[in-house]
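Whenever a hint applies, use it, and build me the whole structure from the sequences.
Chains as they are written, first to last, in the numbering used here: chain A, 225 to 357; chain B, 225 to 357; chain C, 225 to 357; chain D, 225 to 357.
Fair warning: there could be bad hints in the mix.
Which copy is meant is left open, so a pair is good if it fits within one copy or across any two.
[Said to hold, decoys possible] DSS-like, lysine-lysine: derived pairs with alpha carbons at most 30 Å apart:
id: 1; residue 1: 263; residue 2: 331
id: 2; residue 1: 263; residue 2: 341
id: 3; residue 1: 292; residue 2: 331
id: 4; residue 1: 292; residue 2: 341
If you're looking for bench data, these hints aren't it; they were derived computationally from the structure.
Number of protein chains: 4
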Amino acid sequence: MFTWPVRVYYEDTDSGGVVYYANYLKFMERARTEWLRDKGFGQTELLRDHSVIFVVRTVQVEYLRPAKFDDLLTVTVRFHAAGRSWIELDQTAEHPENGVLVKARVKVVCVNGQTFKPVQIPAPVRERIERIS
Amino acid sequence: MFTWPVRVYYEDTDSGGVVYYANYLKFMERARTEWLRDKGFGQTELLRDHSVIFVVRTVQVEYLRPAKFDDLLTVTVRFHAAGRSWIELDQTAEHPENGVLVKARVKVVCVNGQTFKPVQIPAPVRERIERIS
Amino acid sequence: MFTWPVRVYYEDTDSGGVVYYANYLKFMERARTEWLRDKGFGQTELLRDHSVIFVVRTVQVEYLRPAKFDDLLTVTVRFHAAGRSWIELDQTAEHPENGVLVKARVKVVCVNGQTFKPVQIPAPVRERIERIS
Amino acid sequence: MFTWPVRVYYEDTDSGGVVYYANYLKFMERARTEWLRDKGFGQTELLRDHSVIFVVRTVQVEYLRPAKFDDLLTVTVRFHAAGRSWIELDQTAEHPENGVLVKARVKVVCVNGQTFKPVQIPAPVRERIERIS
Numbered sequence: 225m226f227t228w229p230v231r232v233y234y235e236d237t238d239s240g241g242v243v244y245y246a247n248y249l250k251f252m253e254r255a256r257t258e259w260l261r262d263k264g265f266g267q268t269e270l271l272r273d274h275s276v277i278f279v280v281r282t283v284q285v286e287y288l289r290p291a292k293f294d295d296l297l298t299v300t301v302r303f304h305a306a307g308r309s310w311i312e313l314d315q316t317a318e319h320p321e322n323g324v325l326v327k328a329r330v331k332v333v334c335v336n337g338q339t340f341k342p343v344q345i346p347a348p349v350r351e352r353i354e355r356i357s
Numbered sequence: 225m226f227t228w229p230v231r232v233y234y235e236d237t238d239s240g241g242v243v244y245y246a247n248y249l250k251f252m253e254r255a256r257t258e259w260l261r262d263k264g265f266g267q268t269e270l271l272r273d274h275s276v277i278f279v280v281r282t283v284q285v286e287y288l289r290p291a292k293f294d295d296l297l298t299v300t301v302r303f304h305a306a307g308r309s310w311i312e313l314d315q316t317a318e319h320p321e322n323g324v325l326v327k328a329r330v331k332v333v334c335v336n337g338q339t340f341k342p343v344q345i346p347a348p349v350r351e352r353i354e355r356i357s
Numbered sequence: 225m226f227t228w229p230v231r232v233y234y235e236d237t238d239s240g241g242v243v244y245y246a247n248y249l250k251f252m253e254r255a256r257t258e259w260l261r262d263k264g265f266g267q268t269e270l271l272r273d274h275s276v277i278f279v280v281r282t283v284q285v286e287y288l289r290p291a292k293f294d295d296l297l298t299v300t301v302r303f304h305a306a307g308r309s310w311i312e313l314d315q316t317a318e319h320p321e322n323g324v325l326v327k328a329r330v331k332v333v334c335v336n337g338q339t340f341k342p343v344q345i346p347a348p349v350r351e352r353i354e355r356i357s
Numbered sequence: 225m226f227t228w229p230v231r232v233y234y235e236d237t238d239s240g241g242v243v244y245y246a247n248y249l250k251f252m253e254r255a256r257t258e259w260l261r262d263k264g265f266g267q268t269e270l271l272r273d274h275s276v277i278f279v280v281r282t283v284q285v286e287y288l289r290p291a292k293f294d295d296l297l298t299v300t301v302r303f304h305a306a307g308r309s310w311i312e313l314d315q316t317a318e319h320p321e322n323g324v325l326v327k328a329r330v331k332v333v334c335v336n337g338q339t340f341k342p343v344q345i346p347a348p349v350r351e352r353i354e355r356i357s
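What follows is the structure, given as structure tokens:
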């Protein structure tokens, strides 16, 4: 399981005093980006070398407890399943004392960077993900 | 079905050239806020008069086609179901020519504005929603 | 003077209970986009037909009073000055009762959409702006 | 001079292919928050113990060069001047190869967390800032 720290700043909160619900999707994507980088694949290089980008196809999010300004969260990424052109990941945002605040399942699809049509996940990415999971 | 127009500005897009996936959740919430207002309930008044706010408990989103800068989208809100303290809504973001771009089911829970504990939806809100649906 | 209404949603506020300071720059840009559209120039068309986009070069912002959730603000755009490749605008965000909340002077530069190098403002845009101001 | 690293994610960019201009203000605030924390003052504690928060009163920003997706920027904070209730800081966002991309001068005011009225900067904060600058 990959983990990435995310500090909550004012920009992330709303006037309810907690992190705005859409912003957890930003946190989740930061962690996915770093998870890919950790496996050796920057997205800039993937686009340049393989002409592909990963786009989100579906998201299911469960909001269990709120995060607040200044909280230092841990966002996790865990491989769940993959097909020819897609990867499904399980993610959480966790608080050091309050535990899991938000759970998400995210399906990303590998698409051509110009046409946005689904294409096969580049072999090196695929191998690296399958070897690890 | 309630509809609300949303124009796509630069702030909503990302360097993939399309609307950033988390931002549709902003569009969806704008439409829910206006749907409530249209039924006679501003959220500022709900907090002041009934000490409640609505928070999102779960979201399921399907991204079908991308929206672009300058697109004028229609965001819809349709009542799906309700319980003592929650409401489930079906929402879409639609493009005038390309049809439905994004579909979402959103469950909001009525909570006390201080404690964030679930409480009964205020009777006038409940009646108005049920009469219409 | 051009005016554009902006409703404050949860997404715009922070846990201080007021609109987050960076978000006024979003409101200001929405108004500039609509000001240009009102003069007959969509930015998508400017890019397609003239290969140019407008980018912000400098911004000076004064925050006088806070806006809150649900406020319906009026954002204004007033031409101040222009050069061969730039336009300077004076903008405000105003509250119906509390008056001017935020004042900004914004200098935008017309650049090539590929190279980001400054280029002459397309003649039709220039004429339309100067005729009106 | 205090420095803070900021990675550019998709959320920060726009369809022009570069970081959206308002988002640098988020980067600048993250760095100011960490600058204060580095001096021993979390803002949550300042609010709890001294009933104060810092709000931005004026901002002047100069956009020199664009940042792109995946860039790892360094945001700097340098003390410039202070009064009884305000602090003025000079900030930059820098790219490892392209140098300074954005320059800002930011004036923050110390206000009561409830009334938003300017109040004296708490003595320990003041001392720590002056001793260092």
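Here is what the structure says about each hint:
1. 263 / 331: Classified as within: same-chain Cα gap 18 Å, cross-chain 35 Å, threshold 30 Å.
2. 263 / 341: Only inside one copy: residue 263 and residue 341 sit 24 Å apart there, 36 Å across copies, limit 30 Å.
3. 292 / 331: Both. Shortest intra-copy (27 Å) and inter-copy (21 Å) distances satisfy the 30 Å Cα cut-off.
4. 292 / 341: This pair counts as between: shortest inter-copy Cα distance 16 Å, intra-copy 39 Å.
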